[in-house]
Each structure stands twice: as C-alpha cells, then as structure tokens.
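Convert by adding 2 to the 1-based position in the sequence shown; the result is the number in the numbering used here.
FYI, nobody ran anything at the bench for these hints, they're computed from the structure.
Hints may be right or wrong, so weigh each one.
Label pairs and their computed distance ranges (CB to CB) [to be verified]:
id, residue 1, residue 2, range
1, K55, E79, 21 to 31 Å
2, A137, R90, 15 to 25 Å
3, E79, E124, 18 to 28 Å
4, V146, R96, 31 to 41 Å
5, A62, R113, 30 to 40 Å
6, A51, E79, 24 to 34 Å
7, E58, A123, 29 to 39 Å
8, K144, D98, 18 to 28 Å
9, R113, V146, 36 to 46 Å
10, K153, E101, 36 to 46 Å
11, D66, M105, 42 to 52 Å
12, L103, K69, 39 to 49 Å
Listed next, the in silico DSS-like pairs over lysine-lysine satisfying Cα-Cα at most 25 Å (straight line) [claimed, not checked]:
id, residue 1, residue 2
13, K128, K153
14, K144, K128
15, K153, K133
16, K144, K69
17, K128, K55
Note that beta-carbon positions come from the ideal geometry of N, C-alpha and C, so glycine has one too.
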Amino acid sequence: MKFATKHLILAGMLATIGFTASAQPQNPPAGAPQGQSMGERFHFGRDPAQMQKHREERMAERMDTFKRALQVTPAQEGAWNAWSAVMRPTPHQRPDQAEMLRMTTPERIDRMRAMRNAHIAEQDRKADATKTFYASLSVEQKRVFDTASMKFMGRGMGEHGGRHGSRHGG
Numbered sequence: 003m004k005f006a007t008k009h010l011i012l013a014g015m016l017a018t019i020g021f022t023a024s025a026q027p028q029n030p031p032a033g034a035p036q037g038q039s040m041g042e043r044f045h046f047g048r049d050p051a052q053m054q055k056h057r058e059e060r061m062a063e064r065m066d067t068f069k070r071a072l073q074v075t076p077a078q079e080g081a082w083n084a085w086s087a088v089m090r091p092t093p094h095q096r097p098d099q100a101e102m103l104r105m106t107t108p109e110r111i112d113r114m115r116a117m118r119n120a121h122i123a124e125q126d127r128k129a130d131a132t133k134t135f136y137a138s139l140s141v142e143q144k145r146v147f148d149t150a151s152m153k154f155m156g157r158g159m160g161e162h163g164g165r166h167g168s169r170h171g172g
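Based on the sequences and whatever the hints tell you, model everything.
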C-alpha cells in the first residue's frame, strides 16, 4: 500500500512539474519582431492596398467557383455580370481619427449616423440586386444559390448559427 501511494504521489508531482514547465512563456526566436499588434502579425506587415488586392482576388476566385456551381447559361450572363458587379467588395471607410477628435460629441454622433445610413443603403442595394438575379435563375439554380447563401450566412458563426452558440438560443 505504501509503495503504491508513493508512486501515485511521485507521478502526480512529475505531472505537475511537466504542466508547469509547458505553461511557461516561450522566448521568441532571435530576430522576431516585438510589440506588433495582432493585425500586423496577421497581415504579415502588408500595406492596406496589398490587402485590398488580396481580398479582391479571393472574391474573384469565389465568384468564379460559384458561377460554375450555378451553371450560368449564356442567356443569364447579363444578369450574372450585373449582380457580381454590385457584389464586389467596397473598400473599408474608416473615419479619420484626427477629424473625429476635433468634433464635439453631437457631431461625432451625426457622423457615425451618416456612415451607418450609407452602410445600410449599400446593403439594400446588394439585397435588391440579389433578388433581381435570383429571379432569373432556374429552380435547380435557386436550390444551389439557397444552399450557398446559407453557408455564407453561417460562416464564422459556429455550428449552432449564432455568435455565442447554443448558450443564447442561437
């Protein structure tokens, strides 16, 4: 009995030491950049124009794949071109921080409201274009479109569909 107890205690101590050692912060490799923000590390120091170009290339690839999946006919090509032009990503418009600092609180509220309204108008424009394009599709194409749009809507939301999973009824 004493022998087994000693072994269990020793095994527990070794496991604790192992976990403690693995939890220690690792030193970064020599020459690794220090003090970068998460965005700088994630984007590997690329400039915004380069990132915008990368986003546009990825969007073009996804749209090409989607077009093949839909099997767009020559008669639907015009509707596809109109819809895909509207769906192109727009550059991010962030407020100028220096300008925002000079504004009073009511001015900032009005500026943010105007930006929000512009964003909503852009979403409405894309929704209307999608409805128009959707109306030009066959029954089978609509099924493919519906399946693809549900995947897009769920992207980044977890398997339960909501930001917080099933904890909040999502």
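Okay, the hints, checked on the actual structure:
| no. | hint | in the structure |
| --- | --- | --- |
| 1 | K55 with E79: 21 to 31 Å | holds, 26 Å |
| 2 | A137 with R90: 15 to 25 Å | holds, 21 Å |
| 3 | E79 with E124: 18 to 28 Å | holds, 25 Å |
| 4 | V146 with R96: 31 to 41 Å | holds, 36 Å |
| 5 | A62 with R113: 30 to 40 Å | holds, 33 Å |
| 6 | A51 with E79: 24 to 34 Å | holds, 31 Å |
| 7 | E58 with A123: 29 to 39 Å | violated, 22 Å |
| 8 | K144 with D98: 18 to 28 Å | violated, 43 Å |
| 9 | R113 with V146: 36 to 46 Å | holds, 41 Å |
| 10 | K153 with E101: 36 to 46 Å | holds, 39 Å |
| 11 | D66 with M105: 42 to 52 Å | holds, 43 Å |
| 12 | L103 with K69: 39 to 49 Å | holds, 45 Å |
| 13 | K128 with K153 | holds, 18 Å |
| 14 | K144 with K128 | holds, 17 Å |
| 15 | K153 with K133 | holds, 18 Å |
| 16 | K144 with K69 | holds, 12 Å |
| 17 | K128 with K55 | holds, 21 Å |
When the structure is compared with the earlier hints, violations turn up for hints 7, 8 and for no others.
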